[in-house]
Amino acid sequence: MHPLVLERPRDLSAALSFGAQAGRNDAPVEYIAGGTDMVQLLQEYVRRPDRLVSLAGILDDGIEIGPQGLRLGAAATMAEVAAHQAVVEQFPLISQALLNSASPQVRNQATMGGNLLQRTRCPYFRDIGYEACNKRAPGSGCAALDGENRWHAVLGTSDDCIAVHPSDLAVALVALDASVELRGTGGDRSVPLSDLHRLPRDTPHLEAVLEPGEVITAITVPATTAGLRSHYLKVRDRASFEFAVVSAAVAIETDGARIRQARVALGGVGTKPWRLPNVETALAGADFEPAVLRQAAALAAEGTRGRGHNDFKIELMQRAIVRAVEIAGARR
Amino acid sequence: MTAALIGKSVSRVDGRLKVTGAATYAAEFEVPNLAHAAVVRSIAANGRIAIDTAEAERAPGVIAVVTHRNAPRLAYQPHKGLPDAAVGERLHVLQDDRVNHQGQPIALVVAETLEQAVHAAEVVRVTYRNEAAATDIKSVDPVLPTGKPAEWEIRRGEPDSAFEQAEFRVDQTYVIPRENHNPIEMFATIAAWEGNSLTLWDKSQWVHNVAEEIAAVFGIATDNVRVISPFVGGAFGSGLRCWPHVTLAALGARVAGRPVKLLLSRREMYYGVGYRPHTVQRAALGASRDGQLQAIRHEGHQETSTYEEFTEALLSATRFLHSCPNVHTRHRIAPMNVHTPTYMRAPGEASGAYALESAMDELAVALNMDPVELRLRNEPDRDESKDLPFSSRSTRECYRAAAERFGWSQRTAEPRSMRDGRSLIGWGMASATYPMNYAPASAMARLLPDGTAEVMSAASDMGPGTWTSMTQVAADTLGLPIERVKFTLGDTRLPRAPIHGGSMTMASVGSAVQAACRKARDEALARAGANNLEEAMKRSGQIIEATADVTPGDETKRFSMHAFGAVFVEVAVDPDLGETRVRRIVGAYGAGRVVNSKIARSQCIGGMIGGIGMALMEHSVVDLRNGRVTNANLAEYAVPVHADAPPVMDVIFVDEHDPHVNPLGVKGLGEIALVGVAPAIANAIFHATGKRVRQLPITPDKLL
Ligand SMILES: Cc1cc2nc3c(=O)[nH]c(=O)nc-3n(C[C@H](O)[C@H](O)[C@H](O)COP(=O)(O)OP(=O)(O)OC[C@H]3O[C@@H](n4cnc5c(N)ncnc54)[C@H](O)[C@@H]3O)c2cc1C
Ligand code: SF4
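Protein chains in written order, with my numbering: chain A, 1 to 332; chain B, 333 to 1036.
Here chain A stands alone, though its shape is the one from the complex:
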């Protein structure tokens, strides 16, 4: 671990004043919440901030449900949110996505804010034995492009980075039109989850839109998406405790035997949590005929780019959408 100073501010405004920059990979001051990702990055010298600002104990950890919808404090743990009765009953997609993430031990420790801003699992990013990684060392190249890229993205990629955003939670949230509340020294603002993460383009080291000092204080999910039929489907090489090879978050409203409105997002395939408006439009009004679903899901392939080992994801993600819609539709 690179030597660093650990700051343990007494309150949030003290924390903000350190000017830590979340969501970019070249910041000299960083936040740490549950630490389940950050500690690994520090241990492996992937991140070398001089100063680490602990958010422990100074962020809201409440879980509230009201007429506006769901509000998850940034410090609520994955385990708490997954097991919360209102979440389970009204936003089961969130609970499912969380229960399909990591392990009980990690979920007990990891927070909502940290989950959204965890770093990619790209092995070249995480192994400093590789020089080339634009995300870790801007301008150094991308070892994944022609390397072992079975884990990598097929959507939202650039010539500079093809890393997957690894969060399952974010995939469910983006499908449910969630937003994050941010607080900075300049005040509060709310950002739709779909705008929180940036595409890699030629600046893959910039991952989120947070300004210096800004923290995520809460996640909000609108009441309009409560109680939808939904399913979070996660395909992986083992039955549990693994990041997604491909995942699909689906929430639908039905009208008899037809889909009135569908929300579809994918994980494991995008450089950020990936919502699919085209697929949603095609699903609106559709029945559950496999061929119809299949045709709608095929639109997910628009704009995909495989790099060899990950080509299979383009087919697999379409199948995952179909299956998730079927399962969601079968729920009462």
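Honestly, the hints are just simulated from the structure, not real lab data.
Just so it is clear, CB atoms sit at the ideal spot from N, CA and C, and this is done for glycine as well.
Accuracy of the hints is not assured; some may be wrong.
Which chain A residues face chain B? A few, computed with CB under 7 Å, are given here [to be verified]:
no., residue
1, Y45
2, P123
3, G147
4, E148
5, D237
6, A239
7, F241
8, E242
9, E315
10, R319
Within a straight-line C-alpha distance of at most 20 Å, the following computed SDA-like cross-link-like pairs (lysine to any residue) qualify [unchecked claim]:
no., chain 1, residue 1, chain 2, residue 2
11, B, K1034, A, R150
12, B, K1023, B, A745
13, B, K1034, A, G306
14, B, K1034, A, D311
15, B, K1034, A, R307
16, B, K1023, B, R501
17, B, K1034, B, R748
18, B, K818, B, R344
19, B, K718, B, I486
20, B, K1034, A, A239
21, B, K350, B, G565
22, B, K480, B, E421
23, B, K470, B, V953
24, B, K340, B, G997
25, B, K818, B, A355
26, B, K470, A, H309
27, B, K718, B, R488
28, B, K1034, A, E242
29, B, K470, B, L956
30, B, K1023, B, D752
31, B, K350, B, F361
32, B, K1023, B, N700
33, B, K1034, A, H309
Over the 12 Å line for every Cβ pair with chain B, so calculated as not near, a few chain A residues [stated by the list, open to error]:
no., residue
34, G35
35, G57
36, I65
37, R183
38, L206
Since the structure of chain A is already known, use the hints to place chain B with the ligands on it.
Relative to chain A, chain B with the ligands alone:
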């Protein structure tokens, strides 16, 4: 007298220590004045290095920075232990500026704290002069291992013409990627010198070999090295050899003039403690219409390092598992810029069986014959490769018992013919075998006047339950209640045991423990003139000690000795998403006498789960461009988790009394339990989907 304990289900005597954290592992020993070491490792696969240590030397807490420029020249006297490669020379650490594999140690930092050592290691500046490296097996021409070519290419009958003439033929290539052992406990060594004497607290499957190797490396007498290793948190073969990090710890302690602890990180576990080598095998089977094997041609090659020729028993089972008059096996190696692979649970046998038993299944399909029937039709009467009788062989009974328990007769042969809801169901099976190994071993038994006994041997227990089974054998032999017997292992001061590998510990150490206890008991009874041991121990008022050595006789000349088994598997495959989950495994084993039914069952379940890993997920993803392992961590290197363990794992031990193998009549179980699982799963996946995947692991992308 107490009731016989051998064969009983006895809970682990060390179980409480382990679950309460009271068992002390190598990194946990408290040694005064301890300094900490960290290793700088090469990020090039081949070339020369130049090192600048100025900044590291100035870093806080640093005691020493050792590189090839300032390291003491080490003796590296010749020494080859059983787990070392027969040909080649072990890696010499910090002796010159050459690197020949990724992760090779190139500097050692010793500091006051672990954090300081790690930090200083990070600021050691290394420049590489890269040379072309062989990191892709496809670019390397495999060669026969040096020396004794007759061992590596073996022929009986006329395999080529017999294959050409056979009415039914299968000829396919099967690939297994590199796999790492991934034990829970990371390797650790604490080294402390006193003058020319060295004490090592180490994670090891063979303490005596560590002492001998380190003595040879430093050019000191073996008696001057004491190795202590009471608990091993899993090893699966990675602890058989004495690896370079042990030398580094001892070297660091010598240079620093203080005891030093070196604990490998998880990432380092992929760069210096061996792995199951990547293998490429071609298996060709020819048979007559009635399923009689006419020819087997099985060749395989595997990666090894440029400095040592590691080989494993990849093709040996092919020569005797099924009856066949015409057999050709050829084993080659591909020297590459990698560190030397090593034995990983059922080395060779598990890999070879994947190819052979998959090919047998393909042949059964070609013949339109039940795969069990095919095997029964080719059941040999004797070992046709050695022309010796088997000391015992219970294959028929294993097929019968496992098939019956599994309900095999309900199977419909057609692929994709069995379903459960959406899932495609597949049933597959494979045969298993593993040699009976028995090696010289010694043990000591000490009877105390208070009616308790201490029994000891320098064995190891990496998980199979040696602590418990030896206590059981001792208590059984002495006729004492198990609570009154204390067994000790893992210290070179104890009588010598063989390597804790090759499934030979029960046979060898068990037989020695039994012999020592018999001797002590007889002496106690004779001295006291009693016929009750407890009475005799009390009456004598003295400590009675007896040491016994056991040595195999000429039984290997008279018999072919192996454990045999059969594995039956049910899988469910999602036809759209390609996910495979194993639902049931039934394994039947003829493995001689079973000493502890509970622990034996655990062993077999562990092997089955390991086999699920091998079949479905384990894969060290090596970047072919430079030889680095891209998934060198336990998040991306998938091993089975609880959710992957099938709800039904049935273990059947068929009754087998084998008087020939060793005094205890045991054949060993640790490894056969892994053999056959991967091919049985691959065969079941074929049955479920109609897709034959010949490249492990069978991940969803291969079934789309
Ligand atoms: C073995 C393993 C398996 C895993 N599997 C999965 C999985 O299957 N699916 C999945 O989704 N995740 C998985 N994870 C990732 C896990 O969910 C994240 O590590 C965790 O959610 C991070 O939360 P944390 O509180 O520990 O964050 P930290 O590690 O403390 O921080 C992570 C990042 O977020 C920033 N940060 C934290 N809180 C805030 C805030 N409030 N405002 C601004 N910035 C903030 C930090 O600066 C840091 O950059 C796995 C992790 C492990 C270790
Ligand atoms: S994909 Fe992105 S994170 Fe991975 S190596 Fe390339 S630049 Fe780095």
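Going through the hints against the structure:
1. Y45: Where the cut-off is 7 Å and the nearest Cβ of chain B is about 6 Å from A:Y45, the hint holds.
2. P123: holds (4 Å)
3. G147: At about 6 Å, which falls below the 7 Å cut-off, the nearest Cβ of chain B leaves the hint on A:G147 intact, so it holds.
4. E148: Holds, about 5 Å.
5. D237: Since chain B brings a Cβ to about 5 Å from A:D237, closer than 7 Å, the hint holds.
6. A239: Holds, because the Cβ-Cβ distance from A:A239 to chain B comes to roughly 4 Å (cut-off 7 Å).
7. F241: holds (5 Å)
8. E242: Nearest chain B Cβ about 6 Å off; hint holds.
9. E315: Hint holds; A:E315 Cβ to chain B Cβ min 6 Å, cut 7 Å.
10. R319: holds (5 Å)
11. B:K1034 with A:R150: holds (12 Å)
12. B:K1023 with B:A745: holds (14 Å)
13. B:K1034 with A:G306: Between B:K1034 and A:G306 the Cα gap is close to 16 Å, so the pair holds against 20 Å.
14. B:K1034 with A:D311: holds (12 Å)
15. B:K1034 with A:R307: Given that 20 Å is the threshold and the Cα spacing comes to 17 Å, the pair holds.
16. B:K1023 with B:R501: Holds, at roughly 18 Å.
17. B:K1034 with B:R748: The given pair, whose Cα atoms are some 17 Å apart, holds under the 20 Å limit.
18. B:K818 with B:R344: The hint holds at about 13 Å.
19. B:K718 with B:I486: holds (12 Å)
20. B:K1034 with A:A239: Between B:K1034 and A:A239 the Cα gap is close to 17 Å, so the pair holds against 20 Å.
21. B:K350 with B:G565: Given that 20 Å is the threshold and the Cα spacing comes to 10 Å, the pair holds.
22. B:K480 with B:E421: This hinted pair holds, its Cα atoms lying about 18 Å apart.
23. B:K470 with B:V953: holds (15 Å)
24. B:K340 with B:G997: holds (15 Å)
25. B:K818 with B:A355: holds (15 Å)
26. B:K470 with A:H309: With a Cα-Cα distance of about 18 Å, the restraint between B:K470 and A:H309 holds, given a limit of 20 Å.
27. B:K718 with B:R488: holds (11 Å)
28. B:K1034 with A:E242: holds (18 Å)
29. B:K470 with B:L956: holds (10 Å)
30. B:K1023 with B:D752: At roughly 18 Å apart (the allowed maximum being 20 Å), B:D752 and B:K1023 satisfy the hint.
31. B:K350 with B:F361: The hint holds at about 15 Å.
32. B:K1023 with B:N700: holds (16 Å)
33. B:K1034 with A:H309: holds (11 Å)
34. G35: Non-interface label stands for A:G35: nearest chain B Cβ at 15 Å, farther than 12 Å.
35. G57: holds (25 Å)
36. I65: holds (30 Å)
37. R183: holds (31 Å)
38. L206: holds (24 Å)
The structure meets every hint from the earlier list without exception.
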